[in-house]
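Asks: Based on the provided sequences and hints, a complete structural model is requested.
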Amino acid sequence: MIGQRASVGILVCIVASAAFALLGFAYTTLIGADRLFGAVAGAVIAMPIAAFEFFVAEGRIGEPLRRLPLGVMMLISIGIWVASTVAGILVLTPIILDQALIPEWLMESYIKDGFVQDTIFCLLVAVLINCSIRIHALIGTRVLLNFLLGRYHRPLREQQVFMFVDILDARGLAHRLGDIRAQSLIAAVFFDIDEVISAFAGETHRYIGDELVVTWPLRRGTGDARCVKCALAIFALLRARTGRYRSLFAEAPRLRIALHGGPVVVSEIGDDRREIVYFGDTINTTARLRTLAKDVGRELLVSAELLAQMALPNDARAEDMGSFALSGKAQETRVYALHPGEDAGMPVTA
Amino acid sequence: MALPAHQTGKLAVSIGVAAATAALGAGYSHVVGGMPRAGATAGFIVGLLLSGFELFFVQTPAGAWLRRLPLMLFIGIATLVWALLIGFSIYVAAPLILDLRLSDLDVRGREASNLAFAFGLAFLLTFFLRIRSLVGDRVLFNFVIGRYRKPISEERVFMFLDIADSTRLSEQFGDVKIQALIGRFFFDIARPIAEHGGETYRYIGDEVVVSWPMSRAVADARCVQCVFDIQDVLAQRSDEYRRLFGVVPRFRVGMHAGPVVIGEVGYSRRSIVYFGETVSYAVALQSACKRVHRDFLVSAELMDRLESSSELPRCFLGPIELFPDGTSVDAYAISRSNSTLSRREAL
Chain R
3 MIGQRASVGI
13 LVCIVASAAF
23 ALLGFAYTTL
33 IGADRLFGAV
43 AGAVIAMPIA
53 AFEFFVAEGR
63 IGEPLRRLPL
73 GVMMLISIGI
83 WVASTVAGIL
93 VLTPIILDQA
103 LIPEWLMESY
113 IKDGFVQDTI
123 FCLLVAVLIN
133 CSIRIHALIG
143 TRVLLNFLLG
153 RYHRPLREQQ
163 VFMFVDILDA
173 RGLAHRLGDI
183 RAQSLIAAVF
193 FDIDEVISAF
203 AGETHRYIGD
213 ELVVTWPLRR
223 GTGDARCVKC
233 ALAIFALLRA
243 RTGRYRSLFA
253 EAPRLRIALH
263 GGPVVVSEIG
273 DDRREIVYFG
283 DTINTTARLR
293 TLAKDVGREL
303 LVSAELLAQM
313 ALPNDARAED
323 MGSFALSGKA
333 QETRVYALHP
343 GEDAGMPVTA
Chain C
111 MALPAHQTGK
121 LAVSIGVAAA
131 TAALGAGYSH
141 VVGGMPRAGA
151 TAGFIVGLLL
161 SGFELFFVQT
171 PAGAWLRRLP
181 LMLFIGIATL
191 VWALLIGFSI
201 YVAAPLILDL
211 RLSDLDVRGR
221 EASNLAFAFG
231 LAFLLTFFLR
241 IRSLVGDRVL
251 FNFVIGRYRK
261 PISEERVFMF
271 LDIADSTRLS
281 EQFGDVKIQA
291 LIGRFFFDIA
301 RPIAEHGGET
311 YRYIGDEVVV
321 SWPMSRAVAD
331 ARCVQCVFDI
341 QDVLAQRSDE
351 YRRLFGVVPR
361 FRVGMHAGPV
371 VIGEVGYSRR
381 SIVYFGETVS
391 YAVALQSACK
401 RVHRDFLVSA
411 ELMDRLESSS
421 ELPRCFLGPI
431 ELFPDGTSVD
441 AYAISRSNST
451 LSRREAL
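Listed in order, the protein sequences are those of chains R and C. Position in the first sequence counted from 1, then plus 2, gives you the working numbering. Position in the second sequence counted from 1, then plus 110, gives you the working numbering.
A couple of the hints might just be wrong.
Only pairs whose alpha carbons sit at most 20 Å apart, straight line, appear in this in silico SDA-like list of lysine to any residue [unchecked claim]: (1) C:K260 x R:N316; (2) R:K296 x C:S438; (3) R:K231 x R:E253; (4) C:K400 x C:S438; (5) R:K296 x R:D273; (6) C:K400 x R:K296; (7) C:K260 x R:A190.
Sample of chain C residues facing chain R (criterion: CB under 7 Å; computed from the structure) [claimed, not checked]: (8) W175; (9) R177; (10) L239; (11) G246; (12) N252; (13) I255; (14) V286; (15) G315; (16) G368; (17) Y377; (18) R380; (19) F385.
Keep in mind the hints are simulated off the structure, nothing from the lab. In this text, a Cβ means the ideal position worked out from N, Cα and C, and glycines have one as well.
Replies: So this is what it looks like as structure tokens:
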């Protein structure tokens, strides 16, 4: 059986091929060359590139690639793009169309006339699209889209779930391991849990020192109790990798997670350095909930407000912690600690 | 007419770009069998016009309206201008200068694909230039070379600047309106920050975090001059703020310097994080502003390293408690209170 991610990937490859077939068709029409050749070449070029980007660069097997410096990763990726383009035009398409390996029209007029320009064009497109794909990793897909559409150009009130993930006793870690090794450990943990967050459709909003802020639109976060499942899966992943962290850093990190949801004002900010910021009491409450998690010694705290909006997963159990003054206002918030049930094992990839 | 230093710098960049595009144009027309002379001329004009548009319009106060548009519109308009400038250079300016007729250009019936090429390139390049702002130039560069792949320690200056009483303001004026005010304020102060070599690290609610490499910040006390410039910008635009939002924001600043560990984290949202006590001290100094009724606190450690610090309007406050465990640092308050600026800033 094919997993959900794999089917999405196959769909992405097909759509990319179709789009590039159209592009190839349009381009060959424009320069007055063989249209069939253009369309087939477009499809043949796009298929392996899309497959590489989706299944390798963004997939599980691409993890070592993603750990490389961005520039190196870009070079490797551009290399694959160029190889695929050259192979597509000069070898695969002629074979498919049952033409001579380098078709005559290609030989006669094309190489002399347009080949250089087309190659430069393909290379530039490859480099720029590649840069954009890599930069999108620095920004986040949803954030990039919202910037392009100008969605938060004027501040907007929205319902969001917030998850604060905090490394317990980071100051102590820095003291015992030294600043630099402690930071390496934190980076390794955040890199590892990134995969879990994406699997549960969470959006990494930002890293603040030893802390990570994840958001969901309220419905997406509460639907299927995704935010709770994500938090539990993070703990499960960390437990599974305790041995690895111990052997690498002589110490396994412990986390505290707080979950809360409610209205926030979302807005674009800045000029030469733009960001999307969240503003409002919901964030302060989540931050206080995270501090409370340390005080009461529980791994995962959820506000009753958020918990009431979803069905608790079967493998989790809730512990009533009582009420606390969390939101700067007089009113108290009821807080629950969540614990994994008996059968909580490795994280499930959604 | 003598140009100010940064204008001369921009002009030099413009000419450098033009020289590079001239070489590109000559090379390109040579390989496609055109006229290298025409290619070089067109390339030179393209480079001059495009870099001129970017440096002397988009990146200046005159282009602020454009930068304030939603990104998609900004990209669309910039692409159109670029394409027009490219078309103008190739088909009008270069032939005029070289006294050629269009038919002499020997484009071999590929005008359509040449134009598509120019448009496509213009779009991709402007798209790239615009979304760069979502990451920040220095950050992008450091990601590309993988500078912080393994965490390293650096000496840096940190500034935490936040809007005073933003909670009270949002209760009074509504949170959406105050968020718009914050957005406007951070847009307006981006320029003075960049001009003083500050790197806007990130925005957190009503707060902006800026950092400088140590040597750049202490030369001419630029990090402090930066705050003065922000005060000036706010004073100049106070009427505009009052008209748009009904209030002129006040802000508080905490500044500290020292070693920080810098590292890359994450993948789907790769970021650079600063880690260490220096950062927490700067945050704590900023929150101390409210307690000691000052708007601008600088740790003595940083003050001692600033060039010509004795000329600053400073006042030594002695040790200020930063953390509940009693940790404190010596700090200075800086205030240009005898000037008219500060009085106008008051709500």
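Asks: The structure should be examined with respect to each hint, and the outcome stated for every one.
Replies: Hint-by-hint comparison with the structure:
1. Distance check on the hinted pair: K260 (chain C) and N316 (chain R) sit about 41 Å apart at the alpha-carbon level, beyond 20 Å; violated.
2. For the given pair, K296 (chain R) sits about 24 Å from S438 (chain C) by alpha-carbon distance, which is inconsistent with the 20 Å threshold.
3. The straight-line distance between the Cα atoms of K231 (chain R) and E253 (chain R) is roughly 26 Å, outside the 20 Å bound, and the hint therefore fails.
4. Between K400 (chain C) and S438 (chain C), the direct Cα distance comes to roughly 16 Å. Compliance with the 20 Å bound is thereby established for this hinted pair.
5. Distance restraint check for K296 (chain R) and D273 (chain R): the Cα-Cα separation of roughly 37 Å exceeds the 20 Å cut-off, and the hinted pair is therefore not satisfied.
6. The hinted pair formed by K400 (chain C) and K296 (chain R) fails the criterion: a straight-line CA distance of about 27 Å is larger than 20 Å.
7. Simply put, K260 (chain C) and A190 (chain R) have alpha-carbon atoms about 11 Å apart, close enough for the 20 Å limit, and the pair holds.
8. Checking W175 (chain C) against chain R by beta carbon gives a least distance of about 12 Å; that is not within 7 Å, so the hint is violated.
9. With a cut of 7 Å, the hint placing R177 (chain C) at the interface with chain R holds, because the nearest CB-to-CB distance is about 6 Å.
10. Among the interface hints, the one on L239 (chain C) is violated; its C-beta lies about 11 Å from the nearest C-beta in chain R, farther than the 7 Å criterion.
11. Nearest Cβ of chain R to the Cβ of G246 (chain C): about 5 Å, under the 7 Å cut. The hint holds.
12. Here the hint on N252 (chain C) is broken, as its CB sits about 9 Å from the closest CB of chain R, past 7 Å.
13. Contact between I255 (chain C) and chain R, as hinted, is supported at the beta carbon level, the nearest pair being about 6 Å apart and thus within 7 Å.
14. Annotation: V286 (chain C) was flagged as interfacial toward chain R, and the flag holds, the nearest CB pair being 5 Å apart, inside 7 Å.
15. Given the 7 Å rule on beta carbons, the hint for G315 (chain C) holds: about 5 Å separates it from the nearest Cβ of chain R.
16. The interface hint given for G368 (chain C) is violated, since its Cβ lies 11 Å from the closest Cβ of chain R, which is over the 7 Å cut-off.
17. The closest approach between the C-beta of Y377 (chain C) and any C-beta of chain R is roughly 5 Å, which is under the 7 Å cut-off, so the hint is satisfied.
18. A distance limit of 7 Å between C-beta atoms decides the matter here; for R380 (chain C) the minimum to chain R is near 5 Å, and the interface restraint holds.
19. Checking F385 (chain C) against chain R by beta carbon gives a least distance of about 5 Å; that is within 7 Å, so the hint holds.
Checked against the numbered hints above, the structure violates hints 1, 2, 3, 5, 6, 8, 10, 12 and 16; every other hint is satisfied.
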